[in-house]
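Asker: One line per chain: the protein sequences are A and B, in this order. Note that my numbering has the first sequence beginning at 361, numbered continuously upward. Note that my numbering has the second sequence beginning at 1178, numbered continuously upward.
Derived from the structure by calculation, the hints contain no laboratory data.
Once the Cα atoms are required to be at most 25 Å apart in a straight line, the calculated SDA-like pairs of lysine to any residue come out as:
(1) B:Lys1216 <-> A:Ala647
(2) A:Lys481 <-> B:Leu1212
(3) B:Lys1267 <-> A:Gln518
(4) A:Lys487 <-> B:Tyr1548
(5) A:Lys650 <-> B:Thr1214
(6) B:Lys1216 <-> B:Val1227
If you want the footprint, here are the derived chain B segments under chain A, 3+ residues with CB under 8 Å:
(7) 1405-1411
(8) 1416-1426
(9) 1510-1524
Yeah, the Cβ is synthetic: ideal placement off N, Cα and C, and Gly gets one too.
Residue strings, one per chain:
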Amino acid sequence: MTDKAVTAPPPKRGTTSLIYDPKARSIFFQVLTVVILVVVVMWIAHNVSSNLARSNTASGYGFLGGRSGFDVGQSLIAYSSDSTYGRAILVGLLNTLLIAATGIITATVVGFIIGIGRLSKNWLVAKLCTVYVEIFRNIPPLLVIFFWYSGVLAILPQPRDAIQGPLSTFLSNRGLTFPYPIWGEGASVIPIAFVIAVIGAIGFAVWQKKRQMATGKQLPTGWISAGIIIGLPLIAFLAVGAPLTFDYPVEGRFNLSGGGNIRPEFVALYLALSLYTAAFIAEIIRAGIKGVGKGQTEAAAALGLQPNKTTQLVVVPQAFRIIIPPLTSQYLNLTKNSSLGVAIGFPELFSTGSTTLNQTGQAIEMISIMLTIYLTISILTSLFMNWFNAKMALVER
Amino acid sequence: MSNGKLSYVRADMIAPEPPPISNNTVAGWLRTNLLATPKDVVLTIVALAVLALALPGIINWLFIQASWVGSDRSVCATIAQGGIQPDGWKGACWAFVQDRFQQFIFGRYPLEERWRVILVGLMMIVLLAPLMIPKLPHKTVNAVLLFVVFPIVAFFLLHGGFFGLDRVDTPLWGGMMVTLILSFVGIAVSFPFGILLALGRRSNMPVVKMFCVIFIEVIRGVPLVMVLFMANVMLPLFLPTGWTIDNFLRALVGVALFASAYMAEVIRGGLQAIPKGQAEGADSLGLSYWQKTRLIILPQAIKLVIPGIVNTFIGLFKDTSLVSIIGMFDLLNIIRLNFTDTTWITPVTPLTGLIFAGFVFWIFCFGMSRYSAFMERHLDTGHKR
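Make the full structure from the sequences, and use the hints.
Answerer: Below, the structure written as structure tokens:
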């Protein structure tokens, strides 16, 4: 950047006019910014190196291979306190993605219902949905998490007095215990069948669309696709002889043994983030649907479309264009808010990352790792949603 | 024709139709708003069932069964738990909130010095209220007093150590007071910084623009917990050896940086919505860049994005609760601290405390959103299409 200043136009008209030359001024301010930034960064770098030298902290990412020595409550992959720090961070990342995925799905469904409910002509339903939105929008998500964790889940009974739900599920202050499926011989064909079914359903939808374009005839694509996606794995499942047994939880004297268990930390975080984000999504949905002009509905009615078809073919596609950009930022918010799990000891990325940082003292390395992961998640989500948005966007002349 | 007898003309008057069912009667209102279609009837019944299931229990828990006065846990515990309530009793423990109310507001601020906090609170109300009422004059003086003079005075009053006031270190600060200080500083800092960042992002100087884009996107891409943690861990590393930086200040820096990035994006939205002709018109009048920005662009842009700005403020106010993760005792954390206090440890204490905290946060945030709706109507001078 400094050589730009050298190539700046020579002051032909004297120094006074150079001050008023916008180009010269712009270059001057940019050089000034760069100089200040470089000086500040160098000063910080100098301080950091002297601070690190004083505390005898070795820099580098070698510590990731060391034994972590801490346990986590919930992990999607095999992990023990003998595993490495790197694996602990991976466990955290997977848990973050798990909570994000489950939370986003639930929040979207609940948000849709509440958002449409607020637009209902039924006064009571509309008011109830408004109350929901106004409550959750105006309290901090951390409080909602604590509400579920220390307010509701912590005062559930001990495992020996667990509340028994349907299908051999038990709810206690150790979380939700449920029959754990054990897949037997030949079960691997089921996911393969599922993948084939999904590809088949997409192929069918494409063919149906072509056929409709050519002949104007429609088939119930949704029902047939659903049939393929559910039916094919089911047939595969039955064909290999239904290789599925359950490990049922058994009530012992003091504890429940067997079965799968969902930790209360996960339940609290999942419920809190889903319900909290759902309130925001509801508002986005409502704004999106209200944003479609009344003329559109009237024109559809004039063309003789049924109310259901109007919603499906005219209102929803246009509402989607308004909804997608803010919806993306809500999804990202939910993913970022999953870091609040640290407050109740849910081992997500920030939680395992900060534990690692506290144990090893590798502040700069750990923060750079966490920053990179969070930014990567954000950027990937934004890129995907931008692509989706561009695909949905109105093609103008 | 002349005899007036046409087979297709009606000879006698038909009886008048009954008037349309009025919407103004109770029955009419019920019919249109609750029972219009079979689907509506079902929805109404479901909604009523939900209310009937939930409301009696909630009201019973919150008010009827709740224990209102008392000085220790016995009033909120059943006999089996070592209290005076009958077995199977469940209700809110408002006695706990009443007993610890002072602590929820002031934290561990010394008892005999609390008048200083109250004084600062009064000063803030006295300065903030007239600023919020559009009709009152002298807005500039008022704003300068509130955002420049008041913070300095408040700092000296709260922290002390000067003018014969006792020194009260920040670890003793806590409760509502910390929540309000963090939000106030966050709002006061993020607004000007957000404007600068937004202008920088729209600048045609590539270096300035790049710096602003990177700053905004990095901060917006990571959770606030992460920003606070960075401020907490990294700031001491960034300063020369031997310098220390107060924990409270670290949190303030984190919150202010975070809020600035979000504010910048909201204001950028407003800047983008202003037609280019406005800037060109200002240029043709010979206004300088800052005159143009200050007198033409910003007033219009900010008016457009008031809802967004207030939403950012609300978000900031809610997000101050996250400082508990870096070990500070704001309202939420000080309430949680009491859950393990043996004087008040009962099964209903956590829920009661959290509901109280939720109520306080709700009042503030709901108030802000109502005020923004009011300002939006007040400033709506008909430029909207």
